[in-house]
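Number of protein chains: 2
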Amino acid sequence: MQNDLLLKAAKGEETSRVPVWIMRQAGRILPGYRKVRASVKDFTQLVKTPELACEVTLEPVHVLGVDAAIIFSDILVIPEAMGLPYQMIESKGPHFEKTIKTVKDIEALRVGSTENWDYVVNALKLTKKELNGKVPLLGFAGSPWTIFAYMTEGSGSKTFSVAKRMIFSEPKLAHSLLEKITETTIRYLKDQVNAGADLVQIFDSWGGILGHDTYWEFSLQYMARIADELSKVAPVTVFPKGAYFASEQLAKVNCRVIGLDWAVNPTEARKIFKDKTLQGNMDPCMLYADTKSIKKATETMLDAFGGRNYIANLGHGVYPDTPVDHVKCFVDTVKEYTPR
Amino acid sequence: MQNDLLLKAAKGEETSRVPVWIMRQAGRILPGYRKVRASVKDFTQLVKTPELACEVTLEPVHVLGVDAAIIFSDILVIPEAMGLPYQMIESKGPHFEKTIKTVKDIEALRVGSTENWDYVVNALKLTKKELNGKVPLLGFAGSPWTIFAYMTEGSGSKTFSVAKRMIFSEPKLAHSLLEKITETTIRYLKDQVNAGADLVQIFDSWGGILGHDTYWEFSLQYMARIADELSKVAPVTVFPKGAYFASEQLAKVNCRVIGLDWAVNPTEARKIFKDKTLQGNMDPCMLYADTKSIKKATETMLDAFGGRNYIANLGHGVYPDTPVDHVKCFVDTVKEYTPR
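So the protein lines, in turn, are chains A and B.
Under my numbering, think of the first position of the first sequence as 1, with each following residue one higher.
Under my numbering, think of the first position of the second sequence as 1, with each following residue one higher.
Next up, chain A with everything else stripped away, as it sits in the complex (with noise of 0.2 Å):
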């Protein structure tokens, strides 16, 4: 691999520089994201048509600078493999015409197999392929507990108090649910790393509306035991979202990286976190300063992780209205950037 940064510093090695790359880099900020966006019927043909998968999961490494691609894919594949299918509806979100309330529900779900997401694994091996060997590869899944709230919910929540019912009112159902996701999601990663992924990424997006009393029952148990699976065949991050309440539990998790989100003091962090390596987690909204300013930022930010066992990064995805170049700055600003 021409460059390996991202993988040696997630393994907690020596780099020559801190490795960036950005969550939702392909996306809509990117001219040709929007171009390839615009010839198709809708989200979900995107992700299910590898050579367009490809295309976009390219794109920012050539036009950003970053130094990992990461497969363009949504966490949904899951719920659509178990048997759940969903819609995405444009500037709404996710929409599922059937969700899972009973026993029975979850009994007709299925532990989902390869052949269930084919195009994943095709996008992946087509997309490592193409990359040549020039950053690497990233692949992700949803968290069980994630997963779980859209499969309840049925969409998007501020609440997800539908979700949240369930776990209060029917734990053991809740608990069955969690555990075919978790079988489902331990395939579907180790399929990734089988199609070409160096290193798996959970996110969970709505771990942070569990509560200090259930957010190992409900959410880190489930991605606990993904880690320790996923991690022998490759590092894994794990991304709770808002869960910093949890950190304690979290540094015991088997993952070599842990995503921070915004909230975090990243010298709180290190003492919490030890030899860990760390990413994030500069606000996205900071991306709607002015170029000087962005640098500065990012400079305060690296400082403060220090040079080592760290993968920079925002502390959540990329605002679809971000300017390009404001982007471009704090990847270069990171690039640049010599510890002090």
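A few of these clues could be false.
Each pair may be met inside one copy or between any two copies, as identical chains are not told apart.
With a straight-line Cα cutoff of 25 Å, these simulated DSS-like cross-link-like pairs (lysine-lysine) come out [stated by the list, open to error]:
(1) Lys172 - Lys128
(2) Lys252 - Lys11
(3) Lys328 - Lys295
(4) Lys252 - Lys271
(5) Lys292 - Lys172
(6) Lys92 - Lys158
Keep in mind that the hints were calculated from the coordinates and are not lab data.
Given the structure of chain A, go ahead and fit chain B onto it with the hints provided.
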């Protein structure tokens, strides 16, 4: 006052039992409220009619047996008092036709004064009289940051990226608006105390979308200023929803009570907030469970917080579809509790 348990607990004094009230206790969970609400054309009319606001404020004291009444009102009284009116759109939330974008917009706003919120003052006076010393009456306001977020964004939002764009790209402009909101809020809360409020709570509903390096600057410093001023005349509660990451800074604010959401571990909070009184923090979704489970969870919460320096509550407002007898089970469990 016949029942001053809550005020004693707020002040750190010993009480014969733990006091309890519930955020959003005067609202859609109660039949009387729904009847009153159906009799007016919109939510705003209810807020602006002292007799009706009084009636729905008193209902939970009678029906649920809580240890405090909180005046029925809305945090968006403040923008309106400053000259920025809003509409409450059924099942969607607040909507501002005009939003704040420029220096001129901010200059056009007034620092509100009594005549701009006389209906709240009148509602408080009437309720105080009707309560006749039965339980304390609580006043409240949104945090300046939370009000700022609505005034710039124009509605609720998942990311509040418009509000945050302003703090990152035009911080001076943002501070000038926050200053004006803060000055107005201090006047407003002092008026509430003069009209009969025995304690005031500041709701920082959207502080949690700020970060470790922006929370003090754009939210907490303004709440701290309000707390300094108001603590001279009444006990103050600060409720920093989703801002556990800023706990160390929060501990230094000059307020007697800290409201906690369900993310926060009570034992950790006791260590950080030392001799402050803590309020909270059961997940409102727990009230969807059966009453046996609710009782158990409530007792676990009570055990964790201990009987002193504590006001029992949920970790956020009760959800509208919660059965009244489940809410009552929570309240009764607190009232029957004997510290183990």
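Structure-based check of all given hints:
no., hint, result
1, Lys172 - Lys128, "neither (41 Å within a copy, 47 Å between copies)"
2, Lys252 - Lys11, "within (16 Å within a copy, 39 Å between copies)"
3, Lys328 - Lys295, "within (10 Å within a copy, 54 Å between copies)"
4, Lys252 - Lys271, "both (13 Å within a copy, 22 Å between copies)"
5, Lys292 - Lys172, "between (53 Å within a copy, 16 Å between copies)"
6, Lys92 - Lys158, "both (13 Å within a copy, 12 Å between copies)"
Against the hints set out earlier in the document, a violation occurs for number 1 only.
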